[in-house]
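As given, the protein sequences belong to chains A and B, one line each in that order.
Residue 549 in the numbering used here sits at position 528 of the first sequence, and the numbers go up by one each step.
Residue 848 in the numbering used here sits at position 64 of the second sequence, and the numbers go up by one each step.
In case anyone wonders, no lab produced these hints; they're calculated from the structure.
One or more of the hints may lead you astray.
Part of the chain B face toward chain A, derived, beta carbon under 10 Å [stated by the list, open to error]:
| hint | residue |
| --- | --- |
| 1 | G810 |
| 2 | A935 |
| 3 | C936 |
| 4 | D1073 |
| 5 | G1120 |
| 6 | I1121 |
| 7 | T1125 |
| 8 | K1187 |
Only a predicted model underlies this, so the values are computations on that prediction, with no experimental measurement involved.
Think of the CB as a built atom: it goes at the ideal place given N, C-alpha and C, for glycine as much as any other residue.
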Amino acid sequence: MEKKLGIYICSGCEIGKSIDMAALEKVGSVSGEHLCRTHAKLCLAESVQNIQEDIKKEHLEGVIVAACSPRFFTKEFSFNQLTERVNLRELVAWSHEAKDADTNMLAEDSLRMGLAKMKSILSPTPFIPDQSSSEILVIGGGISGITASIEAAKAGYKTILVEKNKLGGWSNHLHKQLPMHPPFDYLEKPLISQKIHDVKTQEKVEIHENSSIKEISGQPGEFRVVIKQEEKETKRKVASVVLATGWNPYDAEKLTEFGYGQNPNIITNLDFEKMAKAGPVLKPSDGEVPKQVLFIQCAGSRDKNHLPYCSNYCCGTSLKQALYIRESSKETSVFIVYKDIRTAGKLEAFYEKVQHDDQVFMTKGEIGQLNLQGDRILVDVHQTLLGDNIQLEVDLIVLAIGMTPQNTEDLNLKYRLGKGLPELKYEFADSHFICFPYESRRTGIYAAGSVRSPMDISSSMEDACGAMLKAIQCAEATKRGEAVHPRSGDLSHPEIYFSRCTDCKRCTEECPFGTYDENEKGTPIPNPSRCRRCGICMGACPERVISFEDFNVNAISEMIKAVEIPDEFEEKPRILAFVCENDAYPAFDMAGQKRLKYSPHVRIIPVRCLGSVNNIWISDALSKGFDGILQIGCKPGDDYQCHFINGSDLTEKRGENIQEVLEKMMLENERIKTVFVEINEYDKIPRIIDDYVEEIELIGPNPFKDM
Amino acid sequence: MQQKHVLVIGGGISGMTTAIEIAEVGHEALLVESKPYIGGKVVQFSQYFPKLCPPQCGLEINFNRIRNNSRVKILTSARVNSMEGSKGNFKVQIMKKAELINSKCTACGKCADVCPVERDNTFNYGLDKNKAAYLPHEMSFPFSYTIDESACLRNECKKCLDVCEYDAINLDAREELIEKTFHSIVYSTGWEPYDAGEIALLNYGNHPDIITNVEFERYAAANGPTAGHIIKPSDQSAPKTIVFIQCAGSRDEKHLSYCSSVCCSASLKHALIASEKLKQVKILIFYIDLRVSGRNEDFLKQVEEDENVELIKGKAGKININNNKLFVEAEDILSGIKTKTESDLVVLATGIQPSLLNSKLPKDDYGFLLNDKLPEGIFASACASKPLDVSASLKDATAISLKAIQN
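So that you can see chain A by itself, here it is in the shape it has in the complex:
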């Protein structure tokens, strides 16, 4: 049965001056069941109040607000009834000729589309796991994992901390730590023993040492974890996960060009740190105090043959280690050969201090030949600040080696898409987004510390707090049935009509977040709280069995069918544009704000992601008589701006199938076009639209128009 709707049309902000309001009201009043009112200033508090009263008095089951963009007055126009916004201001009145027949047709179609969509959508009922846990699993008991557990406890959350060896990680080997307190120029006592003590005495932390993760299955709110300690298995249910498994030193055996392994007095910074912690620094060859020590920075870092990146910690560490020697043996001199000294921020003060030591010599330079004969090591250094080619004679070399991330398959996720987190640049489990450093493609699992990005101790401790906040947030959002970033708070979730599912696996393969598992037959098993509500699965499904209550195949098809298509003799082409809500839609809004004008022949349907566009909509539109179809979304590729990772890439991939549809219908390829825009490229909108309309006009009308 059709819902009783309240349709509210605003005539303010030039809408009334641009559009024939009476004609528009007629469209809204087409069904006598509905209430249709026009208002000069719909956003004013009293008008909003009137709508609320109507909802109660008239028992409205849905509200259509035909006014400005849904990006404005969002909170004012949020009612506890299903609400649909029709954008008459930015997309119609502000971007098209006033009092023009084509502008009126556009406005009327926009309202018709809103009415049609309303028929097929419902207010979403959230998915809430039956017995959500509030506990959080922390994997890795180094400085990051320990910090995450301690800080979660202070916020009232229980964590389960799993460490494969004993607590402390690499920090256990530290002799001293880089400055974290003013004046930022003296070395500090390592924090780790205090942290281990704190975490062990914290009631809300359950510690499993010498343990690993055998398996994680389930979904946020109800991840089922199997912890393995030798033969013993412990099962726990957790809401979310912080992955803090840390890093490994780059394999020094590969650094043959720096003589590693060929002379006992060539060691790594890690060997050096352990030696300093145990006692005075001595030459491994004879146990004597070294007289000249050389630190080679970026040993295997910023190097295309080894690690192409900078590990961020090695400059500070070598400066620190230079001080160890200078403090234990006044006669020893130190050379540091670097590419750049990277002591960002306040650590500059410490660099400054080390520079003041007259027995520490630092130069930019390239390491050349090493002569390892005898007790002394001769090192050629090129392009230094002291001269083009110099030779250093030293008796101990310390290689400042970089970090590599621990493999995330330690998670042992029982996901169809693999055991670990998808790794990004240089295999770190980082977010792709500059603005959202913790974004994860496995919902509810957040990487922290050096497994996410190379970082030092103070940075890792911060990172642990950030990732833990996201884990806590996911736990709480899941309990409310809400999506997490970027559609935070969305209560909708995908539902599958299984009796028509053909087990084709598209949804399981294309979901960027691994929402779907599969049974033996290949039938998808949805895990709604892993879902980020992008609708990519819905776009993927050839049987159209996946839907969201408030965004589904039927609703969009109804919108397409609601558009009135003029016959071919009217010479008014109709273009359908699927516009991604995230970046392209705001660009359209801004074009409107700037009063940029473009062709009124385009009908816009906002979508959650280009990846959510189902091919049936395209064939529906072509059968209906649309002359061309535009898909406008975010940039794909390595530096993608798609908010759901590969939605735009999928659009390109699926384009091949669409071409088949076109061939079958004997239509030209150009009738479908995909364009990518950045959010601030609003100035390009008129050209994109007008060029395409022109292109379609040249091709001529869709022959299916009058069928």
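Chain B: place on chain A using the hints.
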């Protein structure tokens, strides 16, 4: 979960992030911003490094998160007046400036159309003019016009009053004192560019073609004073040579003795933008160390491979103005040779200075707030506590969110 109420001071990208993250856990956050819009410095950036993507993309996600979450409240054009109490019970007085344009504004733009007064456009660092009734930028949030009190003619004019159909303008509006109680307080007060005028030898202010890195951002931005064209401000022509001076006032005891950690990557980004836009241009970057963090190394590689760009290890300490031409004096540290380079445009990579230099809260010698010395329940995040780039700031802003909701 016991709901807490957190005050976040400063509505830049960090403060916004803290407020949203806290609210998405389920707590309440009030974001107080002194400007009429939130977003802070990043809305004035043309692109982020290393991806060269528009900051507005992430901002829009955050704006949406705010639109859809009733637990985040925003107070723009407001400042914290006073606070007392302790963790769990901070009583705070917030002064909301007189709202000449209130929340009824629909951003229809009629007030600006009729406003007769022009002012320096602060959004573009005064590089151009706009009206006294203005929309700060296309994506202003809240999406509302505002009136520059100091420029407005008030009751002598009233033209805007006559055209506003929404009763959104009140030229006699008074400031309003708001009192609220909070569990904790986060300072996300951010940074200001170091005043390049302090570095006498660089002659900033004495020639229009000596500009700072933040001004370069506005020239590079499509919504900037030149619609994205890189020009010599003196004659609006395209520069044939551009020199970037790194550490302009940074790592220098007379100015900022610390490293601001973003200026290297920012200048590399600017060099790529200039090279791409101008094609025929020679760009020199004088640096002490190239501090490009972590995995952005390939971004540095990209610049090294750009034929228009040359990176020179050397401290450029002086700009001579001779016959209205600019000559940059520098020492090439590797060769030891002192060079004099004529340049059409010189960009000074000035550093980050904390905004709250005059606060009585515990600070380090540089003026950054010290988290472990602040009273319990009060925190400083991102550039209020140390110089950071955007991504590191947001990591810090998220981390502080956890501290702010602890019991």
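For each hint, the structure was consulted:
1. G810: Since chain A brings a Cβ to about 5 Å from G810 (chain B), closer than 10 Å, the hint holds.
2. A935: Constraint on A935 (chain B) not satisfied, violated at 23 Å.
3. C936: 23 Å, violated
4. D1073: 4 Å, holds
5. G1120: 8 Å, holds
6. I1121: With a minimum Cβ separation of about 13 Å from chain A (threshold 10 Å), the hint on I1121 (chain B) is violated.
7. T1125: Cβ of T1125 (chain B) sits 21 Å from chain A, so the hint is violated.
8. K1187: K1187 (chain B) check passes; min Cβ-Cβ to chain A is 7 Å, inside 10 Å.
The structure fails to meet hints 2, 3, 6 and 7 from the earlier list, while all remaining hints are met.
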